[in-house]
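Protein sequences, first through last, are from chains A and B. Numbering that gives the first Met the number 0 applies: residue 0 is where the first sequence begins, and numbers increase by one. Numbering that gives the first Met the number 0 applies: residue 0 is where the second sequence begins, and numbers increase by one.
Keep in mind the hints are simulated off the structure, nothing from the lab. Positions of the beta carbon are idealized from the N, C-alpha and C atoms, including for glycine. Don't take each hint at face value.
Here are the computed lysine-lysine pairs in the DSSO-like style, where the Cα-Cα straight-line distance is at most 30 Å [claimed, not checked]:
#1 46(B) / 117(A)
#2 105(A) / 66(A)
#3 66(A) / 34(A)
#4 46(B) / 34(A)
#5 46(B) / 74(B)
#6 34(A) / 74(B)
#7 69(A) / 46(B)
#8 22(A) / 34(A)
#9 46(B) / 22(A)
#10 69(A) / 105(A)
#11 46(B) / 105(A)
#12 74(B) / 66(A)
#13 22(A) / 74(B)
#14 69(A) / 117(A)
#15 117(A) / 74(B)
#16 105(A) / 117(A)
Covered stretches of chain B (in silico footprint by chain A; criterion: 3 or more residues with CB under 8 Å from a CB of chain A, positions within the stretch not fixed) [said to hold, decoys possible]:
#17 12-22
#18 57-67
Each chain is listed here by its residues.
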Amino acid sequence: MEVTVYGSRIFDHQWEEARRCLKNDLPELSPEQRKAAQRYRISEEDYARQVLAQQLSTDRLLETTAKFGKLLEDSIRARGLDARVARIQLNDLRELYEIEVSLNGKRTQFTVDETVVKDLLERGSATAEASIARIIDLNLGQRVIS
Amino acid sequence: MTIVQRSVSVMVSQEGQQVLNVSVGLPPSDAYLFVVDESDDLGLWAKIEREDGLHHLLLRWEYILSVDIRAGEGKGLGFQ
Numbered sequence: 000m001e002v003t004v005y006g007s008r009i010f011d012h013q014w015e016e017a018r019r020c021l022k023n024d025l026p027e028l029s030p031e032q033r034k035a036a037q038r039y040r041i042s043e044e045d046y047a048r049q050v051l052a053q054q055l056s057t058d059r060l061l062e063t064t065a066k067f068g069k070l071l072e073d074s075i076r077a078r079g080l081d082a083r084v085a086r087i088q089l090n091d092l093r094e095l096y097e098i099e100v101s102l103n104g105k106r107t108q109f110t111v112d113e114t115v116v117k118d119l120l121e122r123g124s125a126t127a128e129a130s131i132a133r134i135i136d137l138n139l140g141q142r143v144i145s
Numbered sequence: 000m001t002i003v004q005r006s007v008s009v010m011v012s013q014e015g016q017q018v019l020n021v022s023v024g025l026p027p028s029d030a031y032l033f034v035v036d037e038s039d040d041l042g043l044w045a046k047i048e049r050e051d052g053l054h055h056l057l058l059r060w061e062y063i064l065s066v067d068i069r070a071g072e073g074k075g076l077g078f079q
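So here's chain A without its partners, still in its complex pose (with noise of 0.2 Å):
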């Protein structure tokens, strides 16, 4: 399974980390961002946190990513497919997750809302992962809307 994000954000805790991160451990920047540092007039110290923060948000965004593509996977072989997740992508922009499911040797692209998969794991709501079952059952050809 290929996992990604694509995009990013900062979350407040991550923003934290990054705040009280050592000067001496901040990443290097690039002649880019050092730029960009210039444009938006702040230090670079400043923006070389900001850099962090995301790096640290990414992190969290693809081991969630990677969390979900797995429980995903576990979901379609529990109902007996052979099938696997070959490829599950965090778009972050559309808050979308993109997921491509090999079943069969064949490709098939559906795409689980973001919201959706919060539910699910930050709060174990029972109707998201009733969605998230339907909407395999649609997608994996199990299923036909009454």
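Dock chain B against the given chain A, drawing on the hints supplied.
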């Protein structure tokens, strides 16, 4: 498209630049880099670091000329 929790480049009017300068001491600039906490009918709520800690600043839409979000890049964990 959502801009909450995103780092955005915001162009503000001359009047807006004055407001930012007077209210939070930001030097006038063509563009400002903000992390957006929230956006509502009034404007953008942005994180601002000041001497006494973190503040949340409302920048009203009437001062905003453009909001530029970097489309970003793909980052992967590779194959799991």
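Status of the hints after comparison with the structure:
no. : hint            : in the structure
1   : 46(B) / 117(A)  : holds (24 Å)
2   : 105(A) / 66(A)  : holds (24 Å)
3   : 66(A) / 34(A)   : violated (37 Å)
4   : 46(B) / 34(A)   : holds (22 Å)
5   : 46(B) / 74(B)   : holds (25 Å)
6   : 34(A) / 74(B)   : holds (23 Å)
7   : 69(A) / 46(B)   : violated (35 Å)
8   : 22(A) / 34(A)   : holds (19 Å)
9   : 46(B) / 22(A)   : holds (20 Å)
10  : 69(A) / 105(A)  : holds (20 Å)
11  : 46(B) / 105(A)  : violated (46 Å)
12  : 74(B) / 66(A)   : holds (16 Å)
13  : 22(A) / 74(B)   : holds (25 Å)
14  : 69(A) / 117(A)  : holds (15 Å)
15  : 117(A) / 74(B)  : holds (20 Å)
16  : 105(A) / 117(A) : holds (29 Å)
17  : 12-22           : violated (count 0)
18  : 57-67           : violated (count 0)
Consistency note: the structure conflicts with the earlier hints numbered 3, 7, 11, 17 and 18.
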